[in-house]
Each structure stands twice: as C-alpha cells, then as structure tokens.
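Quick mapping for you: the protein sequence lines, in order, are chains L and C. Residue numbers for the first sequence follow the numbering used here, so the first one is 1 and each next one is one higher. Residue numbers for the second sequence follow the numbering used here, so the first one is 409 and each next one is one higher.
Hints may contain errors.
Once the Cα atoms are required to be at most 25 Å apart in a straight line, the calculated DSS-like pairs of lysine-lysine come out as [stated by the list, open to error]:
| no. | chain 1 | residue 1 | chain 2 | residue 2 |
| --- | --- | --- | --- | --- |
| 1 | L | 138 | L | 28 |
| 2 | C | 692 | C | 636 |
| 3 | C | 432 | C | 528 |
| 4 | C | 692 | C | 665 |
| 5 | C | 527 | C | 765 |
| 6 | C | 528 | C | 692 |
| 7 | C | 681 | L | 35 |
| 8 | C | 665 | C | 681 |
| 9 | C | 681 | C | 527 |
| 10 | L | 34 | C | 665 |
| 11 | C | 527 | C | 692 |
| 12 | L | 28 | C | 681 |
| 13 | L | 317 | C | 665 |
| 14 | C | 432 | L | 138 |
| 15 | C | 732 | C | 665 |
| 16 | L | 34 | C | 681 |
| 17 | C | 681 | C | 692 |
| 18 | L | 220 | L | 319 |
None of these hints come from the bench; they were simulated from the model. Just so we're clear, the structure is a prediction, and the values are computed from it rather than from any experiment.
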Amino acid sequence: MSSDISNSSHKPDGGPVQPKSPPTDKTKFWNDPKKRSLLFQVLLLSALGFVFYTIIDNTLTNLEQRGITTGFDFLTSEAGFGIAMSLIDYTEASSYGMTFLVGLLNTILIAVMGIFAATILGFILGVARLSDNWLISKFATFYIEIFRNIPLLLQIFFWYFAVLRTLPHPRQSIEFLGSFINNRGFIFPAPVAEDGFGLVVFGFIAAVLGSWIISRWSAKRQERTGQQFPVFLASIGLIVGVPLILFLLSGMPMGLEHPELKGFNFRGGITVIPELIALWLALSIYTAAFIAETVRAGILAVSHGQTEAASALGISKGKTLRLIVIPQAMRVVIPPLTSQYLNLTKNSSLATAIGYPDLVNVFAGTTLNQTGQAIEVIAMTMAVYLTLSLLTSFFMNWYNARIQLTER
Amino acid sequence: MKYELQPAMPPPSNLIGVVGWLRKNLFNGPFNSVATIVVGFFLISFMVPVIQWIFIDSDWVGDSRDACNSGGACWVFIISRLDQFLYGFYPEAELWRLQLAFILLIGSIVWLVMPQTPKKGLVAVWLLVIYPVVAFFLLYGNSFGLIQVETHLWGGLSLTLVLAVVGIVASLPLGIVLALGRQSEMPIVRSVCVIFIEIWRGVPLITVLFMASVMLPLFFPEGMSFDKLLRALIGITLFQSAYMAEVIRGGLQAIPKGQYEAADALGLGYWQKMILIIMPQALKLMIPGIVNTFIALFKDTSLVLIIGLFDLLAIGQAANQDPKWIGYSTESYLFVALMFWVFCFSMSRYSQQLERKLHTGHGNRA
Chain L
1 MSSDISNSSH KPDGGPVQPK SPPTDKTKFW NDPKKRSLLF QVLLLSALGF
51 VFYTIIDNTL TNLEQRGITT GFDFLTSEAG FGIAMSLIDY TEASSYGMTF
101 LVGLLNTILI AVMGIFAATI LGFILGVARL SDNWLISKFA TFYIEIFRNI
151 PLLLQIFFWY FAVLRTLPHP RQSIEFLGSF INNRGFIFPA PVAEDGFGLV
201 VFGFIAAVLG SWIISRWSAK RQERTGQQFP VFLASIGLIV GVPLILFLLS
251 GMPMGLEHPE LKGFNFRGGI TVIPELIALW LALSIYTAAF IAETVRAGIL
301 AVSHGQTEAA SALGISKGKT LRLIVIPQAM RVVIPPLTSQ YLNLTKNSSL
351 ATAIGYPDLV NVFAGTTLNQ TGQAIEVIAM TMAVYLTLSL LTSFFMNWYN
401 ARIQLTER
Chain C
409 MKYELQPAMP PPSNLIGVVG WLRKNLFNGP FNSVATIVVG FFLISFMVPV
459 IQWIFIDSDW VGDSRDACNS GGACWVFIIS RLDQFLYGFY PEAELWRLQL
509 AFILLIGSIV WLVMPQTPKK GLVAVWLLVI YPVVAFFLLY GNSFGLIQVE
559 THLWGGLSLT LVLAVVGIVA SLPLGIVLAL GRQSEMPIVR SVCVIFIEIW
609 RGVPLITVLF MASVMLPLFF PEGMSFDKLL RALIGITLFQ SAYMAEVIRG
659 GLQAIPKGQY EAADALGLGY WQKMILIIMP QALKLMIPGI VNTFIALFKD
709 TSLVLIIGLF DLLAIGQAAN QDPKWIGYST ESYLFVALMF WVFCFSMSRY
759 SQQLERKLHT GHGNRA
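Start from the sequences and build out the full structure, keeping to the hints where you can.
Below, the structure written as structure tokens:
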C-alpha cells in the first residue's frame, strides 16, 4: 500500500518523463509486509528443518548404538506371543503384522460396541433430563454429573478390578439360562448353523431388500396421492417375519453348543473376556453422559414455536416429535455426536491398562517391547487413530454442507 | 349498589403445597405416574443398601483390617493411608513445602474466582508466571537451603495437581501462538500450525505418553537423560496445547470483524492490535472453554499411571495390591473418584456460571 503512494508522489504532473530518478522503493525492508512475511516463513522453515534434522540425526545415532535396524521388515517375522482374544485366526507362529491386524480389529470391535450402547443410553438420558417428571429428570441429571466428572480410567478399573474380578471362580459360576458368569468372563452357548440355515440368511437378505423397495414405493405413492403407508411396521414385519417363518419351516436348522466345565475352565460356547465387558461398560456409561448433554442441547435448540406451529396445524404429538423436532435437532446434535464417537474410539486405547488386547496394548505394547522398533510401531499406531479422526472430520464437513439451511 | 372486589379464593387444595407439587411434578398423567413408581422403586431398592454400606454399616476408626468387621465399607483403609493419597511418598519432614505450595495455589484461585476481589489481573499473572517457578523450587528444592526431593517420590493428589497445573500453564502460551498462527495470512505458518494441531488432536493421549516415554529419549543426543515426570509433562503440554489452540481460536472468531478493522483503521500494528484490542476481549470469552479443557486434562492426568508415575489413581491402585488390605478396592476407587469428582464438578459449575455471566450479547452469537 505505502509503496504505491510513494511511487505515485514521484509522478511528474504532465511533461516529459524525467530520466534522472528511477522509481526507487523507499519502503524499508522490514516495513514491507510482503517481504517481512516471506522472511518469517523462511526463518520458520529453516528452524523446523534444523529441529527435524537434529532429531532424525540423533535418533539414527541412538538406534545404531542400540543395534536396532530401522524399517518395516520386522512386520513379517514371527511374533511368538499369544493374544487373549482375536477375531481372526491368530497363533503364536503368526507374524508381527498379524498382531497389528488383530489389535486393530479388537479396537474396532470395542469402538462399535461402545458407540452402539452409548448412543442408546445417551439418547434416553438426554430426553429423560428434559422430562417433566421431576424424579426422572433429577435422576438423569445426577447420572450425567456423576459419570462425566470421574476419570474414565478409574471407571474402567472399578468395573474390572472391583466388580468383574470379584465374581466367583469358574467352578462356582453363576448359571443363567445355559450361560455362565464367572471371573473369567461370560460364557454363552454358541449357535451352530446346520444344513438349511442358508435359506434363513437368504430370507433375511430378501426381506431387507423388500422393505427398501416398499419404502421407495410408498414415498412415491405419498408424493402422488398423499396416501401414507405404514412403512416402518411393514419393514419390521418383513425383516423379523420372513426369516422366522423360513427358520420354522425348514425345521429349525440351528443347534446350540453348550459350554461345559472341564477341569478349571469352560470348553465350548462363546467366551466374552471380562476385559472386554469392563471396557465396554465403562466406555458406554462414560460417553453416554456426554451424548446425553449433546442431545439435550439439540432438543433445546429447536425453538418452541416449531412445536406450537405443529400443534396449531393439528399434527399429533408423536408426529411432531418425529417429523419436526427430531430432524431439526439432529442438525445440531450430529456434529458434536461424531466427535463424541471419535473420543470414544480414542478412549478405547485405555484398554491397555486392564489388558484388553486392543491396538495400543498388543501392538504399541507387546510388539514394541519385543522388537524395540519404537519409531515404526508408534508411528503406525498414531497413523491409525489419525486416519480415523481425519475421516470423521471429512464426514462432518460433508454432513454439515449437506444439512446446512439453504436461506432463500 | 356497591362494587367491591371480592378477595381471590385460595387455589384448590390439590394444586398447592406438597400434594400440588407431587401432582404437578410426579403424577401428571398415567404414564408419568407409572414411570415415577417404577423408577422410584428401583432407586430406593438400590440406594438404601448403598447408603447403608457407605455410612451406616461402615468402620471409620482403627489401624488394621481387624477393625473392619461391621460388614460395611472399610474407611479405615483409606484413613490409614490418607497421607499417601494426598502426598505420595514425599518425605514427611518436608511435607510443609507441599502444603505451602497447595495453600498458595488454592488461595490465588479463590482470589480469582471470588467476584469482589480487586487486582485480578495481577493475581492471574502471579498464578500463571511466578507461581509455577516458586512451586518448582518449593517442591523440588536443591536450592535456597531446601533439600532436593526426587520426582519419583512425588505422588498422589499433589502429583495430579502438578501435572494438571503445569499442563495448563505451559500449554496456554503455546496454544495462543498456535491459534494466532492458524489464523495467519502466511501460508507456511498457517499450514505448520494446522498440521501440528490436527496431529495432536487426532491421536489418543496414551499414545502421546508412550511416545514421550519411549521415543523422546531417542530424539536427544546420547547421555542427555530426562526425568520421567518431565517427559510426561512434555507430552501432556504438546497434546494440551493443540486443544488450547482450538479454544483460543473459538474466542478469536467470536470477536466481531469490526474490532479487527477498527484496529487496522487506527493504524495499529499486528501485535498492538492483538494485545490491546483483540486478546483482552477474546480471553474473557475463552475462560469457560479453558476451564473445560482444564477439566478434561485433570481427568486425563490419571493416564500417567500407565507409564509408571504415581498419581492419585495409581496410589489407589497400589494400595489395593497391599496384601494387608486385599479386598477393599471398592473403597479406594470410591475415594479416588470422590476426589476427582469434587475438583471437576466445582470447576464445571464455575465455568457454567461464568458462561451465564459472560453471555452479555456481544460477539457474533445472537
């Protein structure tokens, strides 16, 4: 700016251009914002470059002294340690790369389970806190204020060490409908598919497809004629009914593998390890308190005029909630909700404190200790969480853009 | 004819008093009545045994587990170890130093929180700049005639407070720099700040602590060794500064654009504009957000037990493993939970109250 002014003051008022003074820029170097910012950025870059160079140089020297080779070759060598719970085939002879995969899958499992439970509990509590029933709203308030102000790690410890670890030994298990509860976890009978079960699965898929077609058809019909069709009930009927009828018709092709006490432990059935249960309980209970607050804020954000307008139009209470309040509340709820989901996923890394074999415990714990490849292991672990959080924020931006109010 | 206003009739007896309150809040409609009875039944059948266990059947005096024979909670366990819960393994003769630091901290916080006290700015500067130095010399010693107390002796509530206070005090300036950098017009400065913030916000604190304890020693030349506590503090500070930066950015964005433009129009430079015009307004708006991140940090400090520091929770965990006191882990978890809860709940109350007070209608929010 200032340079333009100084240049223009040099302009002669008419007449031939005088060659004697070339248009010099009188602005001092440090007073020109462009040059100054260039200088700052060059300085910053060189400082960063220097820091990174020093760090990398030191690290390489240190690693060399300890006799650790850098690189990802260790991922193919044999791990040689067992993992308490794995969703895929894993033995001690599997590679370190497999431990990464097992840990990642276990992290995803606990995250999905936690998100499912925390969402249901959180929505119930959020609505309950706004209830006009004094007892219910006070109960929800107490729940929220207690559980979100206690560290999650403490809650995990409480469920694991004070509750689940004090359950009886396998020999004195609590028996309940063919399942057993003891300090080694919950043991359920495992369903075993027999011949003809494929038909039931096929029926289920067909029913899901069918209800999707029905919902499209009914939306079109309502647009054309205004008549409504009970899509929800019909879909539930289809999805539950069709597989059930097929299941009964084909002679119940499913057996149960009952767990049996052999020696000191149970054989057969599905065992849910106590670490998973403790982590699941703590994560859902803790995150539900935060989700409840999000839901409450969302519902309060819908102006009361909307509800009043709906009732003035003669829309029933249930439909007002379903068609008017909730869609508008979701606009406010979804962004903080996704960040709560992300928090839950990141918090699931506390699993390592009680030994649930998640990514941090298996990979950044045991694998790191055995191989000593600190840099690669930590970088891979961080990359997983980073990818998750970047994906979430991309989704959030996309969603925000999609639901933004278009003002006319 | 005489027109006289009749005195108002009293409201029907079932609309006032206890009955009226019950009808209005607990039994308005069949659904609510059923809900009240069901929830009330469960609450009573759950709360009565719990209260009995905690208060009525519990044991409070004694010095060994033999004193715990009433079938309720064994608070003797907690009381006999109270010093450890509060001070960790700090040498007994030097405890006055911890207590003095604690009193100074609480005193200055109370000063800041009370609405009537004068000179809040000065006290804030003391708390954020001078107090950490004073507290360091008090706790660590090794100068001014105080004996050195190694950091591995620090523990319990005092270590939790050290972690939280250092985390917040050190991350504040870093967060301000990052937030300003993120809003800068210089592309390289901006992208460096965005990358820094997003990386730290995208990973769990536990991996940061792992990194600080495993990788940090590799980054420095041979022979330069760091204290375990210092490594944890570096990790926490870097992690926290990213969150702090986002809070500060929120505050900066809440200041109307007119303020920036007015400062430019007056010919103020960048730093003058920020220090004299923007920051004083924005910092006030940020206090609730800063308190909220402080609460999150306070709870997160419990993770340091994973890298082997003895904070409040870790002391409780260690106490549970004492063979003389096996079987009382519920008591220690409840006690530790209560300590954390008291701190976090009072801070969140303060932040809510502040938010209401600061909601004076300026900023972009309507």
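Verification of the hints:
{"no.": "1", "hint": "L:138 to L:28", "in the structure": "violated (67 Å)"}
{"no.": "2", "hint": "C:692 to C:636", "in the structure": "violated (35 Å)"}
{"no.": "3", "hint": "C:432 to C:528", "in the structure": "violated (45 Å)"}
{"no.": "4", "hint": "C:692 to C:665", "in the structure": "holds (17 Å)"}
{"no.": "5", "hint": "C:527 to C:765", "in the structure": "holds (19 Å)"}
{"no.": "6", "hint": "C:528 to C:692", "in the structure": "holds (12 Å)"}
{"no.": "7", "hint": "C:681 to L:35", "in the structure": "holds (20 Å)"}
{"no.": "8", "hint": "C:665 to C:681", "in the structure": "holds (12 Å)"}
{"no.": "9", "hint": "C:681 to C:527", "in the structure": "holds (24 Å)"}
{"no.": "10", "hint": "L:34 to C:665", "in the structure": "holds (22 Å)"}
{"no.": "11", "hint": "C:527 to C:692", "in the structure": "holds (15 Å)"}
{"no.": "12", "hint": "L:28 to C:681", "in the structure": "holds (22 Å)"}
{"no.": "13", "hint": "L:317 to C:665", "in the structure": "violated (43 Å)"}
{"no.": "14", "hint": "C:432 to L:138", "in the structure": "holds (15 Å)"}
{"no.": "15", "hint": "C:732 to C:665", "in the structure": "violated (65 Å)"}
{"no.": "16", "hint": "L:34 to C:681", "in the structure": "holds (19 Å)"}
{"no.": "17", "hint": "C:681 to C:692", "in the structure": "holds (16 Å)"}
{"no.": "18", "hint": "L:220 to L:319", "in the structure": "holds (20 Å)"}
The structure does not agree with the numbered hints 1, 2, 3, 13, 15 stated previously, though it agrees with the rest.
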